[in-house]
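Each chain, written out:
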Amino acid sequence: MKDVFILAIETSCDETSMAIVKNGTTVDSFTVLTQMDTHAKYGGVVPEIASRMHTENITLVLEETLKKSSITIEKVDAIAVTYAPGLLGSLLVGVEFAKTLALLYKKPLIAINHTIGHIYANNIDNKLEFPLLAMVVSGGHTDLIEMKRDYHFKILGSTMDDAIGECYDKVARVLGLPYPGGPNVERLAAQGKYTYKMPRPVLDNTYNFSFSGLKSAVINLVHNELQRGNEIRKEDLACSFQTTAIEEVVRKVELAIKNTHIKSLILAGGVSASHYLREEMKKMASKYKVSVNIPEKKYCTDNAAMIGAAAYPLFLEKRFVDFQLNASSQANIE
Amino acid sequence: MYTLLIDTHSNKINIVLFENEKILVKKELETEKNHSITTMPVLIEVLKNGNIEISNINEIIVINGPGSFTGIRIGVTIAKTLAYTLNIPIKVMSSLLIKAVSFPHEEINIVEREKNGVFLGKFDKENQLQGDYKYVSNKEYKELEKNNTKEDIAIDYMKIFEFAKKMKSTNPHAVNPLYVKKIEVQK
Chain A
1 MKDVFILAIE TSCDETSMAI VKNGTTVDSF TVLTQMDTHA KYGGVVPEIA
51 SRMHTENITL VLEETLKKSS ITIEKVDAIA VTYAPGLLGS LLVGVEFAKT
101 LALLYKKPLI AINHTIGHIY ANNIDNKLEF PLLAMVVSGG HTDLIEMKRD
151 YHFKILGSTM DDAIGECYDK VARVLGLPYP GGPNVERLAA QGKYTYKMPR
201 PVLDNTYNFS FSGLKSAVIN LVHNELQRGN EIRKEDLACS FQTTAIEEVV
251 RKVELAIKNT HIKSLILAGG VSASHYLREE MKKMASKYKV SVNIPEKKYC
301 TDNAAMIGAA AYPLFLEKRF VDFQLNASSQ ANIE
Chain B
1 MYTLLIDTHS NKINIVLFEN EKILVKKELE TEKNHSITTM PVLIEVLKNG
51 NIEISNINEI IVINGPGSFT GIRIGVTIAK TLAYTLNIPI KVMSSLLIKA
101 VSFPHEEINI VEREKNGVFL GKFDKENQLQ GDYKYVSNKE YKELEKNNTK
151 EDIAIDYMKI FEFAKKMKST NPHAVNPLYV KKIEVQK
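As they're listed, the protein sequences go chains A and B. Per the working numbering, residue 1 is the first one in the first sequence, and the count goes up by one each step. Per the working numbering, residue 1 is the first one in the second sequence, and the count goes up by one each step.
Simulated from the structure, these hints should not be mistaken for lab results. Hints may contain errors.
[What the hints assert, rightly or not] Subject to a maximum C-alpha distance of 25 Å in a straight line, what follows is the list of computed SDA-like cross-link-like pairs (lysine to any residue):
(1) A:K197 - A:V250
(2) A:K67 - B:L29
(3) A:K68 - A:K41
(4) B:K12 - B:S102
(5) B:K182 - A:L33
(6) A:K107 - A:I71
(7) A:K234 - A:A190
(8) A:K41 - B:N176
(9) B:K12 - B:K27
(10) B:K12 - A:Q324
(11) B:K146 - B:V185
(12) A:K170 - A:G43
(13) A:K106 - B:K26
(14) A:K283 - A:P178
(15) A:K193 - A:E247
(16) B:K146 - B:N109
(17) B:K12 - B:E114
(18) A:K107 - B:L86
(19) A:K41 - B:E59
(20) A:K75 - B:I44
(21) A:K170 - A:S212
(22) A:K170 - B:V185
(23) B:K182 - A:K106
(24) A:K67 - B:N171
(25) A:K107 - B:E53
(26) A:K318 - B:T38
(27) B:K139 - B:N171
(28) B:K48 - A:P108
(29) A:K148 - A:S158
(30) B:K168 - B:H105
(31) B:K22 - A:K22
(32) A:K197 - A:G213
(33) A:K22 - A:L104
(34) A:K41 - B:K181
(35) B:K181 - A:E56
(36) B:K182 - A:L88
(37) B:K182 - A:P47
(38) A:K107 - B:E59
(39) A:K67 - B:S55
(40) A:K263 - A:S291
Pulled out of the complex, with its shape left as it was, chain A reads as follows:
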């Protein structure tokens, strides 16, 4: 079969990214322009600034991506773009840009759900092995998903309140760590011990998660200690928090492994860049002879290569969209 090249565009949050992906698995060209330093000044992503920066940089990122590619834009088979979920204003820049390219070069347009993109990041230089469990952990998601085949998603459980990544960011803030919180909490936790008593999140046998109790406990503990004039052992608190949060994720995944007949487990989303989560998950999965797949770190955070990977099955099924495509801040994957 002829090789399929997809030009993919991702602008759902604070990264302007484009990639040309071959057959949904090989990255031919890849660019990520992050706005992290700008948003760090405000302690988090400012949506209006993110949209503005996408507009400023979009043609530059295209130029860079085409320069690095082995093929010309005329030779790509389709244009794929993240249309949801994410920051509406940011998504819109990518969507209009993608439509313009699709019109000009007469290419089919493929609309991709960002969360599905994170899952398909595991298909880059790899192959999804069905049936599988996907644990999506990011700033917006904590979803445990069962997949029997391509684009067949069954959500087993989700967070009932905060996403795990959001929780990391809040803990980072209360510990006075700069944005983005996740990597900074993890770095600190690696130097600490589990000494602070943390409330265990949902101790039930569903696949749902809850992190707001844990988050509040950390915030209250810091405030109470400060009021009493006690010093906080930040590394120990970071370690106590992280251990509790990750333990809960691992426990729920283990429960799902026991109750389903899956061949592989994949991790997806920004928090899957966490070294600690990766190691704990591998340790647990090895007991059940389930293979664990985790994307390379550069494909864990927001990027367009995963969008190109997720677009490939849709391209094969000719699931294209028209020029009325709109962006949406929310979307279901089921």
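For this one, chain A is given, so just place chain B on it according to the hints.
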């Protein structure tokens, strides 16, 4: 020679296709805040009515605001992407400038309204901007003296076209919306 004008700064999307020195197709569509669904289909309809392909366009004029943040981002994103990929000249005009150009005057203060306030720009008789564009709240605007101030001006696209002919083109990478209004965190 085809020139494409894209104006999405308000809830009225305007796409105009010029052939040589004349308007070939003009389409205006009032949108309920949904520039994303409508802009590209309107552009496609204009091209179809003009019986040309997008790749036949030789030049672009884009109205980059001030106005609806989302609107101008959509118009500017489409326009700069076309100019860059087709490697054609792009000319940038503000929403206030196109009003000034459309209305014969000596010295004039142009007003562009939005929900909570107005954008202001002062132009001389050659349509050169005097000073900077300003944004004032509705309350502040009420208290301003309004000499030679004009708000409702029907846009004359032929005059815009003629004016744009004398303008220098901009590098597509550097074409950006004109917001004027600061956002909360930057205040």
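Tested hints:
1. A:K197 - A:V250: Cα-Cα ~19 Å, so holds.
2. A:K67 - B:L29: violated (38 Å)
3. A:K68 - A:K41: violated (31 Å)
4. B:K12 - B:S102: Holds - the C-alpha atoms of S102 of chain B and K12 of chain B are around 17 Å apart, at most 25 Å.
5. B:K182 - A:L33: Holds: K182 of chain B and L33 of chain A sit about 24 Å apart, inside 25 Å.
6. A:K107 - A:I71: Holds. K107 of chain A to I71 of chain A sits at ~15 Å (cutoff 25 Å).
7. A:K234 - A:A190: Distance of about 11 Å is within 25 Å: holds.
8. A:K41 - B:N176: holds (23 Å)
9. B:K12 - B:K27: holds (10 Å)
10. B:K12 - A:Q324: holds (17 Å)
11. B:K146 - B:V185: violated (31 Å)
12. A:K170 - A:G43: holds (10 Å)
13. A:K106 - B:K26: holds (23 Å)
14. A:K283 - A:P178: Status violated; Cα separation ~30 Å.
15. A:K193 - A:E247: Status holds; Cα separation ~15 Å.
16. B:K146 - B:N109: holds (8 Å)
17. B:K12 - B:E114: holds (13 Å)
18. A:K107 - B:L86: Since the Cα atoms of K107 of chain A and L86 of chain B sit roughly 16 Å apart, the hinted pair holds (cutoff 25 Å).
19. A:K41 - B:E59: Violated. K41 of chain A to E59 of chain B sits at ~39 Å, over the 25 Å cutoff.
20. A:K75 - B:I44: holds (23 Å)
21. A:K170 - A:S212: Given pair K170 of chain A, S212 of chain A holds - Cα atoms ~10 Å apart, limit 25 Å.
22. A:K170 - B:V185: holds (19 Å)
23. B:K182 - A:K106: violated (38 Å)
24. A:K67 - B:N171: holds (18 Å)
25. A:K107 - B:E53: holds (14 Å)
26. A:K318 - B:T38: Since the Cα atoms of K318 of chain A and T38 of chain B sit roughly 24 Å apart, the hinted pair holds (cutoff 25 Å).
27. B:K139 - B:N171: violated (38 Å)
28. B:K48 - A:P108: Holds. K48 of chain B to P108 of chain A sits at ~19 Å (cutoff 25 Å).
29. A:K148 - A:S158: Measuring from Cα to Cα gives roughly 19 Å; hence the hint holds.
30. B:K168 - B:H105: Holds, at roughly 23 Å.
31. B:K22 - A:K22: violated (45 Å)
32. A:K197 - A:G213: The given pair, whose Cα atoms are some 13 Å apart, holds under the 25 Å limit.
33. A:K22 - A:L104: holds (21 Å)
34. A:K41 - B:K181: The given pair, whose Cα atoms are some 20 Å apart, holds under the 25 Å limit.
35. B:K181 - A:E56: Given that 25 Å is the threshold and the Cα spacing comes to 17 Å, the pair holds.
36. B:K182 - A:L88: holds (19 Å)
37. B:K182 - A:P47: holds (14 Å)
38. A:K107 - B:E59: holds (23 Å)
39. A:K67 - B:S55: holds (22 Å)
40. A:K263 - A:S291: Given that 25 Å is the threshold and the Cα spacing comes to 7 Å, the pair holds.
Checked against the numbered hints above, the structure breaks hints 2, 3, 11, 14, 19, 23, 27, 31 and satisfies the rest.
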